[in-house]
Amino acid sequence: MAFAIPEVPGGIIDVHVHAGQQFSGTRHPDDFLGDLAADARRCGISRLCTSVLGHNGYTANPTVAELDSANAQAAAAVERDPIYAGVVFCSPEHPDESVEHMRRLIAEGPFVGVKLWIARKASDPALDPIVAYAGELGVPVLQHAWYKTVGQLPGESTPADVADLARRHPGTTIQMAHLSGCGERGVLDVAPYPNVVVDTCGGDPESGMVRFAIDVLGPERVLFGSDAPGRDFAVQLSRVLAEDLDPETLNAVLAGNARRIYTRLGAA
Amino acid sequence: MIDVSCFVGPWPFRTLSLAEPEVLRDRLVANGITRALVSPLGAVLQRSAQVANRELAARVAGDEVFAFVPVVNPAQGEALAELDAYPDSPAVRLLPGPHGYALDDPAVVEFVRAAGDRGRTVIVQVRMIDVRMAHPDVVHRELTADEVRGLAAACPKTSIVVAGARPAELAAIFAEPRSERLWCELSHCEQPDVVRNLINSVGVDRLLCGTHAPVHVVEALPAKLFSADLSAEHQEALARGNARAAGLLG
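As given, the protein sequences belong to chains Y and P, one line each in that order.
The numbering of the first sequence is this note's numbering, which starts it at 1 and goes up by one.
The numbering of the second sequence is this note's numbering, which starts it at 269 and goes up by one.
Since the hints were derived computationally from the structure, they do not count as laboratory data.
Since the model is a prediction, treat every value here as computed from it, not as a measurement.
Warning: the hint list may mix true and false statements.
[Said to hold, decoys possible] Where chain P lies over chain Y, by a calculated footprint (3+ residues, C-beta under 8 Å):
1) 26-35
2) 86-100
3) 117-123
4) 175-185
5) 237-249
[Unchecked claim] Capping the alpha-carbon separation at 20 Å, the derived lysine to aspartate or glutamate pairs in EDC-like fashion look like this:
6) Lys425(P) to Glu501(P)
7) Lys148(Y) to Glu184(Y)
8) Lys148(Y) to Glu410(P)
9) Lys148(Y) to Glu378(P)
10) Lys148(Y) to Asp405(P)
11) Lys425(P) to Glu415(P)
12) Lys425(P) to Asp372(P)
13) Lys425(P) to Glu378(P)
14) Lys425(P) to Asp352(P)
[Unchecked claim] Sample of chain Y residues lacking proximity to chain P, with all beta carbon distances greater than 10 Å (derived):
15) Lys148
16) Gly151
17) Gly208
The C-beta atom is built at its ideal place from N, Cα and C for all residues, glycine as well.
Use the sequences and the hints to build the structure in full.
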């Protein structure tokens with residue numbers, strides 16, 4: 001079958017992974033992390049920026065104990081295999097504890113970024129202590145976002161919420177998740193804010209979205225992300241490869257931009 | 269490789285780079301697809317699919333890659349006449365969600381049986397897109413596993429291909445007892461090990477290749493098969509053998 005993995009110096013970097021999210025069909029239920037790492041390496045991926053959002057499924061409004069547990073799982077993945085680079089799961093409902101996790105795992109540890117999911121919308125000032133501290137540390141904040149026609153959750157951010165967050169924190173890099181979920185409208189929402197980058201995952205491998213984002217934002221603001229294991233590494237890679245990008249742009253999207261934005265990745 | 273679930277044409281909700289058939293054909297071939305069963309994308313939203321069928325049938329007539337598959341609404345009169353208008357088409361596609369009918373409608377069951385009597389395979393589309401990304405005024409109903417199973421049970425002599433279903437839906441649709449003439453395609457199935465898991469839940473002899481292009485990128489299909497890392501025997505079954513068994517090669 002005609003599917004060729006591109007050769008990217010230093011390997012591809014996947015900036016959107018949830019290594020703790022075991023699913024029912026994994027080959028080795030007792031070694032899920034091993035399966036995920038093997039699948040990634042087979043696709044030429046050398047680093048997986050991974051957060052864990054809960055033990056049995058994703059936790060929308062994690063308690064302090066659930067944050068502790070999730071970040072401990074992420075730390076175990078980092079410890080287990082150097083392909084994993086840790087991203088701290090934070091909650092604006094627990095700002096003090098979240099900042100403490102960031103201090104321990106990023107400032108004093110090997111983690112490389114921050115993840116915010118759907119506890120509060122990005123336009124909520126409750127996020128501010130976390131996002132401001134990320135700016136101080138020089139690490140990006142991966143903020144979930146989606147424009148859903150049906151099923152938008154109460155605390156779920158839209159790209160307009162992300163734009164508001166970026167306006168409040170111009171010194172922090174915001175990685176807006178789920179390009180296909182955000183759609184053309186979402187890309188246009190964040191276009192005026194140079195501190196926002198987008199990752200390429202989100203739903204089915206729809207054609208044209210990666211090209212649209214590059215045309216509007218520039219190649220330096222688009223990063224490869226898979227959302228694995230909710231999605232498949234190779235299929236999510238295919239939505240980038242399908243756009244016939246020139247080699248320089250392809251390398252930027254698949255790795256170069258991640259190396260620039262995830263400033264602690266080299267040391268992790 | 270045979271792509272059993274492909275479309276041609278523009279899509280009102282998003283600009284598609286592969287909307288033109290010549291461009292799509294080149295992309296399919298570049299990705300190892302030698303034959304693609306194509307239906308008109310315009311038929312999804314048009315009140316009557318006949319015009320879109322005629323236009324696409326004329327445009328791809330004689331094409332070595334494209335095999336035309338008309339879209340038919342069995343709940344409308346003259347459905348069989350529309351089917352008979354394209355005697356060389358190996359299959360017919362039903363879009364129950366966009367076209368607003370139920371699979372247990374007696375007219376639908378009668379049509380599917382008649383299609384089987386004519387040696388035509390019936391492709392039943394569970395969804396066209398993820399409803400989360402649908403236009404707010406155009407959220408189509410998605411089929412349930414039970415109604416697809418019901419149709420297959422009511423039409424045991426007709427070869428049916430389930431298109432656009434998710435892995436969990438396919439596991440439910442193919443649960444025993446199941447029709448011997450039921451297949452499915454992969455276009456909306458994606459997660460690590462999805463093909464291997466479908467081989468376990470559905471059976472390797474029931475899986476077909478589908479791209480859902482040009483709405484989805486063509487490259488997702490070979491990517492999925494790359495991830496599956498199939499044996500040569502299984503690869504041949506998915507790429508061609510099962511399509512032949514399902515009556516999709518004409």
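Hints versus structure:
no.: 1; hint: 26-35; in the structure: holds (count 3)
no.: 2; hint: 86-100; in the structure: violated (count 0)
no.: 3; hint: 117-123; in the structure: violated (count 0)
no.: 4; hint: 175-185; in the structure: holds (count 4)
no.: 5; hint: 237-249; in the structure: holds (count 5)
no.: 6; hint: Lys425(P) to Glu501(P); in the structure: 27 Å, violated
no.: 7; hint: Lys148(Y) to Glu184(Y); in the structure: 13 Å, holds
no.: 8; hint: Lys148(Y) to Glu410(P); in the structure: 16 Å, holds
no.: 9; hint: Lys148(Y) to Glu378(P); in the structure: 37 Å, violated
no.: 10; hint: Lys148(Y) to Asp405(P); in the structure: 13 Å, holds
no.: 11; hint: Lys425(P) to Glu415(P); in the structure: 17 Å, holds
no.: 12; hint: Lys425(P) to Asp372(P); in the structure: 16 Å, holds
no.: 13; hint: Lys425(P) to Glu378(P); in the structure: 12 Å, holds
no.: 14; hint: Lys425(P) to Asp352(P); in the structure: 19 Å, holds
no.: 15; hint: Lys148; in the structure: 5 Å, violated
no.: 16; hint: Gly151; in the structure: 6 Å, violated
no.: 17; hint: Gly208; in the structure: 6 Å, violated
Of the hints listed earlier, those the structure fails to meet are numbers 2, 3, 6, 9, 15, 16 and 17, in rising order.
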